[in-house]
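There are 2 protein chains.
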Amino acid sequence: MNRSQLIDTIKLKRSYLCIGLDTDPEKIPTHLHKYDDPVFEFNRQIIKSTHDLAVAYKPNIAFYEGQGLKGWESLQKTIRFLDSYKSSIFTIADAKRGDIGNTSERYAAAFLGLPPTGLNFDAITVAPYMGHDSVKPFLKIENKWAVLLALTSNAGADDFQNSRLENGQTLFENVLGTSKEWGTPENLMYVVGATKAEMLSAVRKIVPDSFLLVPGVGAQGGNLEEVSKYGMNSDCGLLVNSSRGIIYAGKGEDFALKARGQAKILQQQMEVALYDHRII
Amino acid sequence: MNRSQLIDTIKLKRSYLCIGLDTDPEKIPTHLHKYDDPVFEFNRQIIKSTHDLAVAYKPNIAFYEGQGLKGWESLQKTIRFLDSYKSSIFTIADAKRGDIGNTSERYAAAFLGLPPTGLNFDAITVAPYMGHDSVKPFLKIENKWAVLLALTSNAGADDFQNSRLENGQTLFENVLGTSKEWGTPENLMYVVGATKAEMLSAVRKIVPDSFLLVPGVGAQGGNLEEVSKYGMNSDCGLLVNSSRGIIYAGKGEDFALKARGQAKILQQQMEVALYDHRII
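Line order of the protein sequences matches chains S and Y.
Residues in the first sequence are numbered from 1 upward in steps of one, following my numbering.
Residues in the second sequence are numbered from 1 upward in steps of one, following my numbering.
Chain S on its own, in the form it takes in the complex (with noise of 0.2 Å):
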C-alpha cells in the first residue's frame, strides 16, 4: 500500500488506528484452545471484528518466533488473512530488526518479500543502531516501507535515545534527521512513542511530512488527544497503535465483540480529531 492509498484509507475509515496482534497462547480465550491453531484463530476474529475501524495491524513477530515453527505457522495464516483485506488495511511487521547491507536484505525479503517464503507485509519495523547499509535495504522494495525506532515508549528510551550529542540535538533527533535522507515520506516511517506526546512537536519539526507510528496509548499510558494534537499533519500523518487494550478486551466467547467495542471507542475519538484538522 502506497502514501496516497494509505491516506485515502485513513479518510475512509475516519481512523488511524494500528491494532497491534501481540498475541499470546496464555492470554487468549480457553475455548479457542480446541482449534488447531488457537493464535490464528484468535488473530482471525480479531480481525474480521474489527477491519472497518483499524487502518493497520501489526503483528509483533516475538511472540511468533517465541512459539517456534508453529508460531512462524500462525503468522504466515494471519498475514495471509489480513491480505483478503488487503486494499483497506496497511500491514506492519513489528520485528525491529537491522544488521549488515547483505543481511538486512535477508530480513528485507522475509517480511516484505513475496510469498511463498516472504510474508509480503507493507512495512516493517526497523532499528537505527547500525546506521544507513542497515536501513537502506528495506526501502528498496517499491510500495514498502520501513518504520525506524526514534523514540520509544519504554523506560529504557532514556538510555540512550534522549542522550544529548555535542551538537545539543538529543540522539532520537539525530536519528531523524540523519535518517530522512536515507528515504522519503513515501517509504520512511517512524516510531514515536505516544509517553512523551510533548515531543512530538520537537519531531514534527524534524520530519514535517512522515508518518509516525505512535505505540503506547492504552496500556502503555499514552494520551489519544495529545498525540493527535502534537503529531497530526495535513496528511493525518499518524498510524496510533493499540495492542493489550483492544485485544484483551473480553475474555469470554464474544472476546472479538469486546475489542471492537474498544476499538470503535478509540475510532470515534479519531473521527474527532481528523474532523478538528479538517482532514475529513
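Check each hint, because a few of them may be wrong.
If chains are identical, the list can't say which one is meant, so a pair holds when it fits in one copy or spans any two.
[To be verified] Capping the alpha-carbon separation at 27 Å, the derived lysine-lysine pairs in DSSO-like fashion look like this: (1) K34 - K136; (2) K264 - K251; (3) K144 - K258; (4) K70 - K86; (5) K48 - K251; (6) K11 - K136; (7) K27 - K48.
FYI, nobody ran anything at the bench for these hints, they're computed from the structure.
Following the hints, complete the assembly by docking chain Y onto the known chain S.
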C-alpha cells in the same frame, strides 16, 4: 556454557574462532541440492569438519528467516546438530533483537529457551537502542548470554555509534559504560567490529573483563593480529568471527575440507596469539 567452560574450551582447542553460519542456498555447492534440506546438510558438513578448530558457531538468523518456514526448520536442525557437541561448542544466535521488556522476554524464550519451542542457543546478539529493559530479559536466564552491539563493522557504524555526546564520550563508549551495569562478564558480551582494531583499546578501558565478539575478520577486512594485540585480556576475552572466508572457501564436493583449511589457518594464528599472551 558458562564463562569458565568457555575459557577452558578456548585453551583446549587453542582457538577463539567463531564460525558464522551465514548459509545462503544460492552460494552453497550445487551438489547439495539433491538433499531434502541443502542448508542443513551444508551446515552439518561444515560443523563436522571444523568443530575441533572453532569454539563457537554463529548462525545469522536473517539467512534462515529469509527462507520462511523451511529456513526455520534448517535452523532448528542445525542447532540440534550443534547440541551433539554441546560441551565444547558455544552457540550464538546472531539475531540482533531488542524490544520492550515483555517482548524481549519472548525473543529470549525463542532463542535461549529450551526445546520444543526454544532453540536453546548459549547466546544471542542484541541491539542497544531501546535501553535497559530491552536487554535485561536476555540476561535473566542462567548460563545464557546477551551479546550487545557496541561498535559494528559496517559503514553505517559511523552514522550514530561514533557520534560524540556532550560528555565527550562516543555513543558506543556510552553503550558500553551504561550497559555493563546491567549484567556481568559472566552473562554479557559485546560486538566490537574488527575493521577498527585500534578502537579495541578504548573498548578495553571500559570493559576490561568482558568477552568481545569480533566480526569482520576476513570478508569485512579485519586483521586478526591487530585484533588480538588490542583486544585480548588475560582470559583471552575474544571470540573472533569469520563467515564467508571459511564456509565458502570451496565450491566442490570437498567444500567442507576447504573450509577446514581456512579455519586451520586462523586457528594457528590464534594459537600463536594465545601463546604470546601466556594464556596457553
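A quick look at each hint next to the structure:
no., hint, in the structure
1, K34 - K136, "neither (43 Å within a copy, 35 Å between copies)"
2, K264 - K251, "within (18 Å within a copy, 59 Å between copies)"
3, K144 - K258, "neither (32 Å within a copy, 40 Å between copies)"
4, K70 - K86, "both (24 Å within a copy, 25 Å between copies)"
5, K48 - K251, "within (17 Å within a copy, 50 Å between copies)"
6, K11 - K136, "neither (30 Å within a copy, 41 Å between copies)"
7, K27 - K48, "within (19 Å within a copy, 42 Å between copies)"
In this structure, the hints that do not hold are numbers 1, 3 and 6, in rising order.
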